[in-house]
Amino acid sequence: MMILDDKLGRHGDAFYAELMDLHEGLTPDQSHALNARLVLILANEIADPARLTALMQAARPTAATKG
Amino acid sequence: MAYDYAPFPYVAPPGLTAPEARHKVVIVGAGPIGLAMAIDLAQQGVPSVVLDDNNVVSVGSRAICWAKRTLEIFDRLGVGERMLDKGVTWKVGRQFHGKDEVYSFDLLPEPGHKYPAFINLQQYYVEQYLVERAQALGDLIDLRFLNKVTDHRDHGDHVSLQIATPDGDYTLETDWYIACEGAGSPTRQRMGLPFEGQTFEEHFLIVDVEMEQSPFGDHDTPERWFWFAPPFHKGQSALLHKQPDNIYRIDLQLGPETDPKTEATEEKVIPRIRAIVGDTPFRLDWMSVYKFRCAKLDRFVHGRVLFVGDSAHVVSPFGARGGNGGIQDVDNLGWKLARVIHGRSPAALLETYNQERTHGSAENILNSSRATNFMTPKSAIESVFRDQVLALATDHPFARKLINSGRLSQPCTLRGMALQTAAPDAPIQPGDPLIDAPLLDAGRPAWLIAKAQGQFTLLRVGHDPIPDIPGFARIGIGHSGDYPCFEDPQGLAAERYGTDHLYLLRPDGHVCAAFRHTDAAAIATAYARATTGPRNDDP
Ligand SMILES: Cc1cc2nc3c(=O)[nH]c(=O)nc-3n(C[C@H](O)[C@H](O)[C@H](O)COP(=O)(O)OP(=O)(O)OC[C@H]3O[C@@H](n4cnc5c(N)ncnc54)[C@H](O)[C@@H]3O)c2cc1C
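Chains L and F are the protein sequences, given in the same order.
All residue numbers for the first sequence refer to this note's numbering, where the first residue is 35 and numbers rise by one.
All residue numbers for the second sequence refer to this note's numbering, where the first residue is 4 and numbers rise by one.
Hints are all accurate, no fakes.
Pairs of lysine-lysine, DSS-like flavour, derived with a Cα cap of 30 Å:
| no. | chain 1 | residue 1 | chain 2 | residue 2 |
| --- | --- | --- | --- | --- |
| 1 | F | K381 | F | K102 |
| 2 | F | K245 | F | K264 |
| 3 | F | K245 | F | K117 |
| 4 | F | K94 | L | K41 |
| 5 | F | K237 | F | K94 |
| 6 | F | K237 | F | K294 |
| 7 | F | K102 | L | K41 |
| 8 | L | K41 | F | K381 |
| 9 | F | K381 | F | K271 |
These aren't lab readings, by the way, just hints derived from the structure by calculation.
All values derive from a computational prediction rather than experimental measurement.
Kindly produce the complete structure, drawing on both the sequences and the hints.
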């Protein structure tokens with residue numbers, strides 16, 4: 035299984051707070067759509083297909099087991 | 004055993020019978036911050052009157068986590084070692100999700116520091132030690148219990164104040180008025196100063212229980228344990244800390260829809276504690292229900308009225324930045340006000356207390372509010388993100404870093420601010436606090452910070468001597484000279500400070516300049532900058 039090391043460093047908390055702010059005031063549907071757009075945008079930034087496949091797999095089992 | 008809240012004696016103040024001469028400094032409030040302020044000033048020869056409306060130490064443990072930098076400051080004020088001896092030392096925090104541990108952190112992984120990352124010690128002990136230290140400085144500190152300040156007025160060149168005592172009212176005049184009256188600051192309210200920020204809807208139950216058997220189980224070493232969704236407290240969060248005298252602090256998140264009055268009762272609290280500790284016998288020592296808030300004043304300096312500690316800023320306690328932040332205020336203001344009072348610096352120097360500590364307090368507020376937001380998601384989507392961070396954290400280090408149950412108090416850096424002179428390649432940057440290191444003083448163990456803080460000091464590690472420049476104390480490490488010199492037995496001072504810089508240190512243990520070449524004129528310029536306050540072209 036792939037292990038994802040920390041790359042955000044000391045910016046982690048600021049990023050997380052900004053992400054929460056981004057969702058502020060949205061309905062659940064709007065948040066859902068925002069998340070989808072964000073995933074697509076970030077995927078385009080990552081670009082490398084092998085890397086994208088690995089990252090998608092990393093997200094999948096955790097989401098399935100821990101729901 | 005429960006702490007013995009012995010009342011401090013009230014003595015009828017002289018001002019009740021005849022007007023008192025104008026004082027140099029009046030400090031309103033004898034909490035940890037007001038007391039530390041009086042001691043710091045007294046150690047620099049500045050007398051003060053300290054007024055408190057009460058006559059006992061903090062009721063309930065309140066602040067328990069005291070950070071390394073705070074202990075280094077308390078060391079300078081003469082109570083650090085006593086706190087360390089009594090306190091419970093810890094440095095490891097563990098985070099649980101449900102019953103599983105997901106992540107642990109070590110706040111001070113390296114050896115070679117006099118003080119640990121944190122000790123836990125009840126606020127009542129800290130205040131008791133500070134009162135006793137202040138009493139030992141009795142020539143310079145006039146402590147008046149049951150003296151409640153009811154009004155004040157800034158006249159431009161002095162401040163007058165009204166005080167109520169059990170024997171009636173009186174007035175005082177003072178050159179400087181320091182408001183250390185805590186979060187509800189009546190001074191702030193009288194002046195109508197906005198105190199804005201974020202209030203969190205969530206209620207928290209804070210309980211101290213005394214028990215023989217450690218709830219940390221087989222872990223002998225005290226740590227900070229934090230649970231998201233603990234098995235014993237469904238859907239909420241919980242925090243566990245050890246204090247001296249076999250007292251354990253338990254914080255339980257209660258949610259927004261709670262009635263604080265019914266929650267803070269034995270009937271409600273005992274079953275909650277039983278759910279955690281099982282049948283182990285315990286005694287309830289103290290309990291209280293809080294809602295937390297992060298807020299600060301825009302400015303801490305208003306003419307001759309100076310705000311310090313909780314009267315200037317409040318934070319939620321996750322991260323232990325309230326009392327610790329206040330002690331850094333004291334450390335920052337003490338030497339500046341003493342210089343102004345002794346006529347060695349212009350009053351404009353105090354403006355840098357405002358700049359540096361509003362900056363420090365904004366950083367504390369940012370960190371505590373982010374932690375509180377993470378712990379108490381405000382919406383369904385925030386809960387989803389929080390829970391998925393926790394889920395990813397089991398396998399992925401990056402997600403562990405995002406778990407936020409409090410980023411524990413760190414001294415802020417004053418890099419780039421008005422009093423500092425840049426030195427881009429110095430291992431410790433101007434604006435940063437000193438880093439400790441073990442030394443030998445004629446064969447006896449000593450510590451770098453304890454030797455170096457308290458006055459403007461030139462410090463150098465390595466072979467080169469420090470020139471004699473009038474007005475500075477000198478500390479040499481790894482060489483000898485006709486000034487205090489120490490050995491660096493483990494080479495840690497050299498490792499942390501490098502051997503090619505001469506450092507100029509502020510009395511509050513921050514580097515304010517560093518020089519590759521010893522140039523008396525450059526040192527004099529940096530010193531002038533550090534002691535005169537902002538120039539006109541500063542922001
Ligand atoms: C549950 C809880 C846990 C906490 N945990 C931590 C922690 O782990 N670490 C940490 O660093 N901080 C912590 N804090 C914060 C810490 O307790 C405060 O930051 C600290 O007490 C502030 O000290 P202070 O001297 O500014 O104010 P206070 O301690 O509030 O003292 C103010 C004093 O002023 C007096 N006063 C008020 N009005 C007047 C008046 N009109 N005239 C005369 N006197 C007056 C009061 O009687 C009081 O003695 C915690 C707080 C709480 C509530």
